[in-house]
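Fit chain B to the supplied structure of chain A, relying on the hints for placement.
Residues per chain are reported as follows:
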Amino acid sequence: MDNVTFLEIEALGGIQTHAFIDHGNGEFTSMLKSIYDEQQAQAEHFTPIVTNGD
Amino acid sequence: MAAGLGFKTFTSGEVLTAADTNGYLMQGVMVFASASARTAAITAPTEGQYSYLKDTNSTEYYDGAAWVAGVEGDISGVTAGTGISGGGTSGTVTVTNSMATTITTKGDLVPGTGSGTFARLAAGNNGESLYADSAATTGLRYSATPSASNPVLNSAMQVWQRGTSISLTASSGVVYTADRWATSTNANQACTVARQATGDTTNLPSIQYAMRYQRNSGQTGTGLLLTTQSFETINSIPFAGKTVTVSFYARAGANFSSASSVLVNYLMTGTGTDQNRQSGAYTGEVTGNNNATLTTTWQRFSYTYSVAATATEIATGFAYTPVGTASTNDYFEVTGVQIDIGSVALPFRTNAGTIQGELAACQRYYWRNTPGQSYGFFGTGTTTGTTSGWGFVTFPVNMRTIPSTLDYSTIALQDSATNILAVTVASLGENSVYGCTLALTVSGATANRPARLISNNNSAAYIGVGAEL
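Chains as they are written, first to last, in our numbering: chain A, 1 to 54; chain B, 1001 to 1469.
The shape of chain B in the complex, shown without the other chains:
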């Protein structure tokens, strides 16, 4: 069979030729009852002939050697799989990438939320970083890059210049214990605040020490026991108008008497300047608090607070209300105290990053020199009369302000004739943030002899100067 001639419109009266018949009319689909009927009818098929078989409702064409099934699609439907929507079984079928349509805004990410599932994660704010967070739906979150360091000084309870165990009398007034941490007790609440080894490398990220705040056994006072750290205004301003998260590690003693073993965390803000929150409420104070339920095992707690844009002072603290008479282990321990900008606690870090830096940061508020030997050196001096002298002490770091308090124990002047002149009274004389003159009362001195200020045969002797808030 020759190839078809194409399509032709015959005109009225036109003679139908054999060529027309073979070239046009015989190019159609021939209909047969069955393949056998076709074989009977077409004994010598030629390539390109097309037939329709009624018994099988199928088309076949002759390829020059045999009748073969006509070409037709075998897809009966399109079903949307994972991450795809749409589909159908007829007509025009549309499928859509669902992950693509989840994106609505520039910067969006589409993280997985589980096996075969995903969700939109909106772009963070300018400057924020992306962090893994198993608590978030997508396992990721944007958070402010920690441009501000942890403002809590001595956050890991490493620095105890005043001693590693501080005894507090009942109704103590404000007393500093671990550096930068102040407290005060109420009636019938003699307490002890002491450094303790955490002894836990599983639940704590390598924090060696904690503060133990203990109501002494047998004490009956049930007033609120609170310890706080107040930040200078210059260190508080960076947190104004921000959402902040206070995080800390804590555990309870076996006889922690607080109802439901609750330790209250506070974040207090004010609008004054450089006030000590332990001494009383801030000017324009706003107090936020959350309850941490302690066990005898270390846990990390974190609480989010909003700091008003007008805040110029921040303090954080911990408190509990004792119940009944204290037993032998009525205490809580706390360490790893941190404040982060944002709503998530970042991994713990100290303010300075090194013990040297932490000590220096604390010494800006209080510095104690404990030479640790019988006649250890504090500074130079001179006698000024038979009962008076001066001592000159230089501070290792500039203090926050000119110091206002002097602590001392068992100090002496040794004059150039090697006489040891015990100091009975010492006070701050002319001083600055760099150093101070101590006005000293001695006895049996010879006036105007150069001298050195030393510990008086006591390795526990010390001189401390304070510039706390």
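Same shape as in the complex, but just chain A:
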């Protein structure tokens, strides 16, 4: 089960908020929180996007 935390990281442009996803198996993914939020919005709206052409 993924565990997501948000951390502020200092960068040259200022403080950035990053999302850290702990996949629970020693693997991690990080990205800007804005990117994470965008992906989550897609996931939440995800439904089968085409129908079987039968």
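For the record, the hints were derived by calculation from the structure and aren't laboratory data.
All C-beta atoms, glycine included, are put in the ideal place defined by N, C-alpha and C.
Watch out, some of these pointers could steer you wrong.
Unchecked claim - Ranges between beta-carbon positions, derived for each pair:
1. A/G26 to B/G1272: 31 to 39 Å
2. A/L7 to B/T1201: 46 to 54 Å
3. A/E38 to B/N1457: 42 to 50 Å
4. B/A1170 to A/T5: 41 to 49 Å
The following block gives chain B in isolation, referenced to the frame of chain A:
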């Protein structure tokens, strides 16, 4: 008998001389009841005498030695043979070369359609090439010369930077499996997408690997399972306004649960820019689909679609709707995915033509460095404080855009005093399409020591950066 004198018109009162008689009057055709009557009448025939025999209705002339049959034609009719029309049995006979009249336009060819048959093949469009095609009436067809390469990256399922077996949770959201191929699952649909050897050199043209998309045994979700590859706008534009053919090889697992073993092929187009079709419908989407009926043996399928002139995005994909509870082999396998301009699938070819080229093309979207040894090298770095550091990584190819995601596992900084500083958190810092700075969280560091970014005693450690659509 002397030679005739020709033709003369006698005038009234003119004396008929012996010379006139022999030179004009005796030059005609003498009529006899039979050859014997002629022999009796002409005891000393001379060369050039001509006779008509009533009993045989024939003419004969004397050649100086004997009476011989008069010259006449022995052709009783002209019959048109193969490739010829016309003919007749009397009068003026006309025959026509049918192959010639089949030609109507400059550039026409007249290929054979079978034994002794032929048909017109109209000239192709400018720049097209002539190909053998057993499905065509004439066995030949014109088709666009493949100036555009196959736009499908990793079309032969050769590149799996994220691992050769990807476990998908139910309701996974968008997940990349084989490079450039995205998918997503629905409720109660934990799945596995894995590289498989095709194991078939008969039905596949030397394609080593395929993607297996499997609904895990016991899963009950019956939502559509779809995997797609979305092309950048820059790679989609060349297909706008064209007829294209999507071709692929596919086969089913023994328990493939799709009704009628149907695998649906899609070609979706949109009018947006660089959208990921797996994440949702394109702007201005037009979707085409065809059903491929799979068996457990590899088959090649090809389907033709029309791409609107206004299309700026293209994606192709494969999907099936599972039925019931998954058994142990509820899967399909696919490989050799290709898109050609025109209505015919050309022989399969990858985008780059080499594994090196395919890998580099895929790394433009996602690059994963897995050193494969306990302390393998990722890049240089430095500590910046007691709990922080930087790592510097250069990409092997320019990425599509500045990467937005970072994947990592079991990485560490080793400082100049050889301390191994396990990285607990890493994020993309200042970066570009050429390389990136990783902002690292460690513990027990001494600030400002040069370091190297390495795998932390784990050969499976990796760093991956993503610039996917």
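Here is how each hint holds up against the structure:
1. Look at A/G26 against B/G1272: about 37 Å separates their beta carbons, and that is inside 31 to 39 Å.
2. Our hint of 46 to 54 Å for A/L7 and B/T1201 holds, since their Cβ atoms are close to 52 Å apart.
3. At about 36 Å, the CB distance of A/E38 to B/N1457 disagrees with the hint of 42 to 50 Å.
4. Between B/A1170 and A/T5 the Cβ separation comes to about 23 Å, which falls outside the hinted range of 41 to 49 Å.
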